[in-house]
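Enquirer: Start from the sequences and build out the full structure, keeping to the hints where you can.
When we follow the UniProt record's numbering, the leftmost residue of the sequence shown carries the number 1, and every step to the right adds one.
Please keep in mind that the hints were generated in silico from the structure rather than gathered at the bench. Incorrect hints may have been included.
[As the list claims (entries may be wrong)] Derived pair list, reagent style DMTMM-like, types lysine to aspartate or glutamate, alpha-carbon separation capped at 20 Å:
id	residue 1	residue 2
1	133	8
2	163	8
3	38	59
4	38	159
5	133	51
6	38	69
7	38	146
8	133	159
9	38	67
Just so we're clear, the structure is a prediction, and the values are computed from it rather than from any experiment.
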Amino acid sequence: MSASTNNDWIAQQHAARERSIAGGGRPGLARVELLAGKSGLEILQAMMSGELPYPPMNETMNMVLLEVERGRAVFQGIPLGVHYNPLSSVHGGWFATLLDSAMGCSVQSTLPPGRSYTTAELSINIVRPASHKTGPLRAVASVIHDGRQLATAEARVTDASGKLYAHATTTCFVFDVAPG
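Expert: Put into structure tokens, the structure is as follows:
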């Protein structure tokens, strides 16, 4: 992997975080009245711009939503030593969080106002270990099916050179949000 590509990815992650903070973004939970009338895509775009708070776990996991469009989401994270398992490599839960976030947001991006989702099933294959030396890893997710009650998506985690680290699929339960 070229150092410039790795550095470009690190710069993109930093810029995405700074853009959100500059727009007033901070970790937290959005108040219900701020979400009302917004589609899933509009909510995600508002988090990216800083209009709405972003999930606190993004800081814990050192990851950020880089891109979103209807049916597609890209998350990037940089694994750190605090994400290690007892075997001195990145814990599978870090990969699971990165993948679940990307796939869930790809599903969310298809939802109209008043609809939400939750992960019902998550299947992950980690094909290569990662460490703090790996550098940034990117999860690119896309929706396979966006039905009224169920949605499915898939994602792959790669490094800046395109090397595959993990891949996953998910099934999400889609439902109406209760008013208020």
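Enquirer: Quickly compare the C-alpha distance for residue 38 and residue 146 to 20 Å and report which way the hint goes.
Expert: Holds: residue 38 and residue 146 sit about 18 Å apart, inside 20 Å.
Enquirer: Hint check: residue 38 vs residue 59, CA-CA at most 20 Å. Holds or violated?
Expert: violated, 25 Å
Enquirer: For the pair supplied as a hint, residue 133 and residue 51, confirm whether the alpha-carbon distance does not exceed 20 Å.
Expert: violated, 33 Å
Enquirer: Does residue 69 sit within 20 Å of residue 38, going by the straight-line distance between their CA atoms?
Expert: holds, 15 Å
Enquirer: Assess, step by step, whether the Cα of residue 133 is no farther than 20 Å from the Cα of residue 159, and give holds or violated.
Expert: Holds - the C-alpha atoms of residue 159 and residue 133 are around 11 Å apart, at most 20 Å.
Enquirer: Check the hint pairing residue 38 with residue 67 against an upper bound of 20 Å on the C-alpha distance.
Expert: OK: residue 38 and residue 67 at ~18 Å, within 20 Å.
Enquirer: Take the C-alpha atoms of residue 38 and residue 159, compute the straight-line distance between them, and say whether it is at most 20 Å.
Expert: Not OK: residue 38 and residue 159 at ~33 Å, beyond 20 Å, violated.
Enquirer: Between the alpha carbons of residue 163 and residue 8, is the straight-line distance 20 Å or under?
Expert: holds, 16 Å
Enquirer: Would you check the hint for residue 133 and residue 8, treating anything up to 20 Å between C-alpha atoms as holding?
Expert: With a Cα-Cα distance of about 16 Å, the restraint between residue 133 and residue 8 holds, given a limit of 20 Å.
Comparing the model with each earlier hint shows violations of hints 3, 4, 5; every other hint is respected.
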